[in-house]
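Below, each chain spelled out in residue letters.
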Amino acid sequence: MRLEVQVNGGPVARDIEPQELLLDFLRDQLGLTGAKRSCDVQACGACTVLVDGRPVSSCCFLAADAEGREVLTVEGLAERTGFERLEDAFTRHAALQCGFCTPGMLLTVDALLKTGELTSAEEVKRSLAGNLCRCTGYRGILEAVCELAGVTT
Amino acid sequence: MNRVEEVQVGAGAVGRSVPRRDADEKLRGKAQFAGDILVPRMLHGKVLRSPHPHARITSIDTRAAEKMPGVVCVLTAADLADLDPYWGHAIRDRPIVAIDRVRFAGEPVAAVAAENEATAGAALERIVVDYEELSVVGTIEQALAPGAPIVNEGPLRPGLFHGLGELAPAEGNVCYGYRIDRGEIEAVFAHADFVVEGEYDFPAVYQYAMETHTVVAQVEEREITLWASCQHPFLVRAEIAALFQVPISDVRVVVPYLGGGFGSKSYTKMEPIAVALARKAGRPVRIQNRVAESMVTTRCHGMHCHMRTALNREGRLLGREVECWFDTGAYADNGPRVTATAGDAAPGPYRWAAYRVDAACVYTNTAPAGSYRAFGATHLQWIGELQVDELARRAGLDPLEVRRMNLCTPGEELRAGGKPLDADLIGDVERVAEAVGWGTDKPKGTGRGLAVGLLAAGAHPVSSAIVRMEADGNAVVLVGTTEVGQGARTVLAQIAAEELRLPVERVTVRGTDTRFTPYDRSTGASRSTTLAGLAVKRAAEQVRQQLTEIAGPEDVESDSYPELFVRHFGLAGGELIGRGEVAPEGSGSYAEGPVFWEVCVGAAEVAIDEDTGRVRVVKTATVADVGRAINPQLVERQDEGGTLQGLGNALYEEMVYEDGLLMNETLLDYRVPTFEDLPEEMHCIIVENGDGPGPYGAKGCGEGSLAAVTAAVATAVADAGVPMTELPLTPERVWRRIQDLKEEGLWPR
Chain A
99 MRLEVQVNGG
109 PVARDIEPQE
119 LLLDFLRDQL
129 GLTGAKRSCD
139 VQACGACTVL
149 VDGRPVSSCC
159 FLAADAEGRE
169 VLTVEGLAER
179 TGFERLEDAF
189 TRHAALQCGF
199 CTPGMLLTVD
209 ALLKTGELTS
219 AEEVKRSLAG
229 NLCRCTGYRG
239 ILEAVCELAG
249 VTT
Chain B
14 MNRVEEVQVG
24 AGAVGRSVPR
34 RDADEKLRGK
44 AQFAGDILVP
54 RMLHGKVLRS
64 PHPHARITSI
74 DTRAAEKMPG
84 VVCVLTAADL
94 ADLDPYWGHA
104 IRDRPIVAID
114 RVRFAGEPVA
124 AVAAENEATA
134 GAALERIVVD
144 YEELSVVGTI
154 EQALAPGAPI
164 VNEGPLRPGL
174 FHGLGELAPA
184 EGNVCYGYRI
194 DRGEIEAVFA
204 HADFVVEGEY
214 DFPAVYQYAM
224 ETHTVVAQVE
234 EREITLWASC
244 QHPFLVRAEI
254 AALFQVPISD
264 VRVVVPYLGG
274 GFGSKSYTKM
284 EPIAVALARK
294 AGRPVRIQNR
304 VAESMVTTRC
314 HGMHCHMRTA
324 LNREGRLLGR
334 EVECWFDTGA
344 YADNGPRVTA
354 TAGDAAPGPY
364 RWAAYRVDAA
374 CVYTNTAPAG
384 SYRAFGATHL
394 QWIGELQVDE
404 LARRAGLDPL
414 EVRRMNLCTP
424 GEELRAGGKP
434 LDADLIGDVE
444 RVAEAVGWGT
454 DKPKGTGRGL
464 AVGLLAAGAH
474 PVSSAIVRME
484 ADGNAVVLVG
494 TTEVGQGART
504 VLAQIAAEEL
514 RLPVERVTVR
524 GTDTRFTPYD
534 RSTGASRSTT
544 LAGLAVKRAA
554 EQVRQQLTEI
564 AGPEDVESDS
574 YPELFVRHFG
584 LAGGELIGRG
594 EVAPEGSGSY
604 AEGPVFWEVC
614 VGAAEVAIDE
624 DTGRVRVVKT
634 ATVADVGRAI
644 NPQLVERQDE
654 GGTLQGLGNA
664 LYEEMVYEDG
674 LLMNETLLDY
684 RVPTFEDLPE
694 EMHCIIVENG
704 DGPGPYGAKG
714 CGEGSLAAVT
724 AAVATAVADA
734 GVPMTELPLT
744 PERVWRRIQD
754 LKEEGLWPR
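Each protein sequence line maps, in turn, to chains A and B. For the first sequence, the working numbering assigns the number 99 to the initial residue and increments by one for each residue that follows. For the second sequence, the working numbering assigns the number 14 to the initial residue and increments by one for each residue that follows.
Bear in mind the hints are in silico, worked out from the structure with no lab data behind them. No incorrect hints appear here.
Facing chain A, according to a computed beta carbon distance under 10 Å, are these residues of chain B, among others:
#, residue
1, Ala44
2, Arg303
3, Val497
4, Gln499
5, Leu647
6, Leu660
7, Pro686
8, Cys697
9, Ser718
So the derived label-pair ranges between C-beta atoms look like this:
#, chain 1, residue 1, chain 2, residue 2, range
10, B, Gly211, A, Arg152, 48 to 58 Å
11, A, Glu177, B, Gly430, 57 to 67 Å
12, A, Glu115, B, Glu234, 31 to 41 Å
Residues from chain A that keep clear of chain B, each with C-beta distances beyond 12 Å, as calculated:
#, residue
13, Asp150
14, Thr179
15, Leu211
Keep in mind it's a predicted model, so treat the numbers as computed, not measured. All residues carry an ideal CB built from backbone N, CA and C; glycine is no exception.
Given the sequences, and given the hints that come with them, work out the whole structure.
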């Protein structure tokens with residue numbers, strides 16, 4: 099079947115299999131390898147991308163369901179104005195180690211910052227509980243995100 | 014040995030929290046991991062795994078799979094007839110694919126190479142395997158029972174890197190035993206005022222590196238190339254060379270960024286089957302495990318332990334006796350080393366009149382078990398520290414005071430013939446006690462616990478590095494340490510920058526490619542900063558030495574390096590090369606080790622909900638006793654990561670096996686800590702006494718916090734009145750224990 103979709107601000111049209119997952123479409127067809135495969139069951143958040151501005155687990159999201167919609171991956175996020183703020187905060191707080199969870203984490207954070215939901219450190223923890231990180235112990239990420247959201251840690 | 018105060022020269026790169034050198038690549042999604050690499054003509058491999066924990070293979074029919082469009086080949090044991098197809102760095106017990114018999118559910122039986130992953134996956138379902146099920150040895154108890162089926166018959170063949178001296182023959186399902194003995198243990202217990210004794214269980218745990226094991230293998234006429242998510246590329250190289258009967262130099266291992274390791278990617282894992290499949294296919298093949306597959310590729314050992322500890326009325330610890338059995342699964346993996354390291358950790362860092370430790374590594378029909386951060390220490394520390402606390406309670410003494418009285422002090426011998434203590438443990442435990450408010454009032458249902466332990470760290474001390482300075486005055490470090498998230502590329506750049514008096518931005522540390530990168534034994538055992546760091550320092554010193562020789566009497570700063578190249582080479586070219594090496598001193602035997610004792614000191618405060626049994630960790634404190642922090646922020650982040658993993662080990666994580674079958678093989682059923690598990694207070698205290706054998710007095714860190722926090726949570730829960738003998742401390746277990754205590758009239762305390 100044919101898929102027409104906006105990816106990182108540009109139109110993309112490709113033939114896909116009906117059962118093709120958005121994660122595989124992005125990684126294998128478009129070479130956008132920033133989204134990572136880990137748990138396959140929507141528990142870890144490493145494959146998170148934004149569809150129409152909302153975080154989805156692309157390992158459990160059919161590529162066909164992105165038809166006509168706007169998909170943002172970390173590669174696209176990194177080109178957007180304002181990304182430097184995220185980059186600066188995550189770098190200064192050493193909010194990453196192996197970096198495997200980082201793209202999904204950043205996209206989730208970006209979406210949450212835009213909705214203004216991050217009103218306290220508790221809210222940050224609750225909102226990010228669907229993005230696992232096995233390396234950092236979360237504190238660096240918490241500090242970076244609280245700073246970005248303007249709330250105290 | 015370098016002392017801290019001697020290091021005040023250079024560009025000041027050392028001792029500063031410079032930003033991670035890989036942050037930009039990783040934040041922008043540009044960092045390449047093994048699964049992101051595309052090799053021309055690459056195929057996709059999938060592995061057919063046994064559904065049975067123990068069975069005879071009576072037939073395999075691959076014809077239907079081979080006929081499928083897009084399938085290139087199917088690998089079975091029949092393709093390995095020209096090889097001695099058994100591997101294993103400790104014990105060479107594991108076939109590349111099962112030969113006639115499967116010994117665990119998940120064991121590779123066949124593999125398919127196809128044009129895409131979906132086709133490879135579909136082809137697996139067309140392979141017909143007939144099994145005749147055999148009786149299952151599912152637990153340590155079953156494996157040790159008289160007349161138990163033998164999981165691996167035949168003599169034990171030592172692997173290339175067992176490092177354990179002469180291997181004794183297997184006794185039943187016990188493939189390795191480790192014993193340490195000191196003093197007259199029976200006499201000590203006969204005269205003790207207080208003795209605590211118990212049986213304890215530690216769960217099998219999944220390391221969960223978020224990147225699963227991933228390998229791309231290519232087999233050419235004169236070179237086997239692997240792009241692999243492996244922590245120890247040089248050991249993988251040697252093992253692949255031996256297995257496929259080629260010179261070591263004909264195997265090339267390239268390691269991009271690793272998506273976490275924690276020991277799960279140490280030694281050889283999926284590389285042999287990937288090479289065998291690529292060899293048959295005649296094209297490169299990528300095998301990328303799914304989580305359920307990585308869970309049965311390697312894990313942390315489950316353990317059963319019997320321990321007793323004795324104390325006298327004055328508060329002197331007298332003796333300890335330990336028997337422990339490690340479930341290493343169907344193949345040894347790193348089980349023998351885990352068992353030995355656990356044996357060394359078992360007495361704990363106290364001044365004993367006598368101790369005896371008997372540790373055994375046991376085969377069962379479960380997935381192989383190997384390394385997980387702080388292995389051995391994590392297994393034993395919580396038990397030993399629970400007993401120290403219980404003895405203190407019975408003697409009416411403060412647990413902190415008992416530790417002050419009995420902990421070894423710097424320079425004291427810990428194990429016969431081994432390295433004496435190189436850390437101030439009393440100072441360390443006082444710091445963490447203070448951080449969690451030790452001795453202050455506690456609310457009802459709250460407990461506080463301390464934990465002190467040591468971990469033999471450094472593995473075998475062989476590392477080398479090359480520093481190349483180009484005519485523009487910038488430097489590249491070639492070093493075999495893999496960047497697994499710990500920040501090695503940043504820290505090693507800082508060390509080179511310090512010696513070369515360069516801004517750290519002008520030093521680059523690239524990933525390992527064994528074709529070009531000099532030998533480093535491994536990335537694990539907290540060894541990289543200490544050993545690879547020392548090699549990098551020595552290599553950089555050589556380059557700096559050459560620069561000063563060219564400059565003559567004048568003092569040179571980095572701005573003038575390009576001019577020195579012109580002066581020396583007569584053109585704006587040439588290259589200055591420095592080589593640094595670290596090799597064992599003395600006999601080099603492991604028995605003289607360890608390279609250093611990694612400190613595992615922590616404290617915790619917990620709150621227990623009596624009605625649900627839920628344990629909430631309110632505060633934690635850990636010590637990074639690092640000698641010298643090259644990058645303090647990265648040290649803290651290491652300990653924070655270890656803290657959360659320790660919290661998971663203590664409260665949540667457990668691979669549940671029933672009759673040899675793993676019951677919780679997804680991240681939905683296997684719970685790891687999330688953001689919401691962050692303690693309200695998490696103190697990571699850096700201690701710099703300049704007492705490490707590494708550069709500038711540094712020694713490694715990052716593992717001790719896992720063992721320490723696991724233990725401190727257990728001792729804190731006991732302090733709240735609920736002594737537990739089995740991890741993890743699930744709400745159900747804690748609630749049931751509270752009901753038992755109520756019946757015995759011991760709750761509330």
